[in-house]
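Enquirer: In our numbering, the protein residues as written are 1 to 220.
It is worth saying that the hints were derived from the structure and are not from the lab. Hints may be right or wrong, so weigh each one.
[Stated by the list, open to error] What follows is a set of in silico ranges between Cβ atoms, one per label pair, in the way DEER data are often shown: (1) Gly92 - Ala178: 47 to 55 Å; (2) Thr166 - His88: 41 to 49 Å; (3) Pro105 - Ala178: 34 to 42 Å; (4) Glu78 - Thr149: 47 to 55 Å; (5) Leu170 - Phe46: 55 to 63 Å; (6) Gln103 - His168: 22 to 30 Å; (7) Asp181 - Val155: 14 to 22 Å; (8) Ala56 - His168: 46 to 54 Å; (9) Arg118 - Thr59: 26 to 34 Å; (10) Arg99 - His168: 45 to 53 Å; (11) Glu102 - Phe46: 27 to 35 Å; (12) Pro147 - Ala85: 38 to 46 Å.
Glycine included, C-beta positions come from ideal geometry on N, C-alpha and C.
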Amino acid sequence: MPESEAHQQMECPGGEATTPEAALQLFQARYALPVVRALLDGPLRFTALQQRTAAASATTLHARLRDLQDAGVILHHEERYALTATGHELRGVFAALVRFHEQHPQHDPALLLTALQRRYAMRIMRELMAGALGFNALQRRVDAASPTTLRRRLVDLEQMGLIDRTAHSLMPPRTTYAHSDVGRDFSPVVGQLVVWSPLLAAPPAAPHGEDHAPLLEHAT
Numbered sequence: 001m002p003e004s005e006a007h008q009q010m011e012c013p014g015g016e017a018t019t020p021e022a023a024l025q026l027f028q029a030r031y032a033l034p035v036v037r038a039l040l041d042g043p044l045r046f047t048a049l050q051q052r053t054a055a056a057s058a059t060t061l062h063a064r065l066r067d068l069q070d071a072g073v074i075l076h077h078e079e080r081y082a083l084t085a086t087g088h089e090l091r092g093v094f095a096a097l098v099r100f101h102e103q104h105p106q107h108d109p110a111l112l113l114t115a116l117q118r119r120y121a122m123r124i125m126r127e128l129m130a131g132a133l134g135f136n137a138l139q140r141r142v143d144a145a146s147p148t149t150l151r152r153r154l155v156d157l158e159q160m161g162l163i164d165r166t167a168h169s170l171m172p173p174r175t176t177y178a179h180s181d182v183g184r185d186f187s188p189v190v191g192q193l194v195v196w197s198p199l200l201a202a203p204p205a206a207p208h209g210e211d212h213a214p215l216l217e218h219a220t
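All chains should be built: construct the whole structure from the sequences, respecting the hints.
Expert: Here's what the structure looks like:
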């Protein structure tokens, strides 16, 4: 996907809209995307879903299915789980995930999606689509009221491998931030989720349980 198109897809009206954040939260949780990937092939009973997703915990899988039902992504009818029309629209997300996984197999997309839920993270990634920026410029672009929180978020994104930091001089201090290769290649995944996110029936308050696993685990 061209970078300009990914930039447009990552734009959220008013900064960080609640819906894209809800989509990120929903799909970083354990088994969420593997469940959807399995159901793209057709309806399945719980036992078959557990086998297809290699879910060791039936309790966690049941919880994730409730999350997806609450969000309008899947439905349960006659002892089978199936995707709704909203769920089927996630095919674009999977295509982007597969491309990213082929490019960077050592990176866990679930962890990257988790990082992007944090304050200012999506705005930072969106603004850096246009090129490298210094701290002051980023603070203005993302409308960050707290420099401390912004600085912490930049450190988080750098540690996750999504951005690179370059120190140009010490006196006066001058540092710029830019997308890493990983960050550029991951942008289409987030862009597809942002495009899909308005279809969410109702953003869940939080996933049932807090664990997560690699998004492509047993999903391809």
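Enquirer: None of the hints should be skipped; say for each whether it holds.
Expert: Hints, one by one, checked against the model:
no.	hint	in the structure
1	Gly92 - Ala178: 47 to 55 Å	violated, 26 Å
2	Thr166 - His88: 41 to 49 Å	holds, 42 Å
3	Pro105 - Ala178: 34 to 42 Å	violated, 23 Å
4	Glu78 - Thr149: 47 to 55 Å	holds, 49 Å
5	Leu170 - Phe46: 55 to 63 Å	holds, 60 Å
6	Gln103 - His168: 22 to 30 Å	holds, 29 Å
7	Asp181 - Val155: 14 to 22 Å	holds, 19 Å
8	Ala56 - His168: 46 to 54 Å	holds, 49 Å
9	Arg118 - Thr59: 26 to 34 Å	holds, 28 Å
10	Arg99 - His168: 45 to 53 Å	violated, 33 Å
11	Glu102 - Phe46: 27 to 35 Å	holds, 31 Å
12	Pro147 - Ala85: 38 to 46 Å	holds, 44 Å
Violation of the numbered hints given earlier is confined to hints 1, 3 and 10; the remaining hints are satisfied by the structure.
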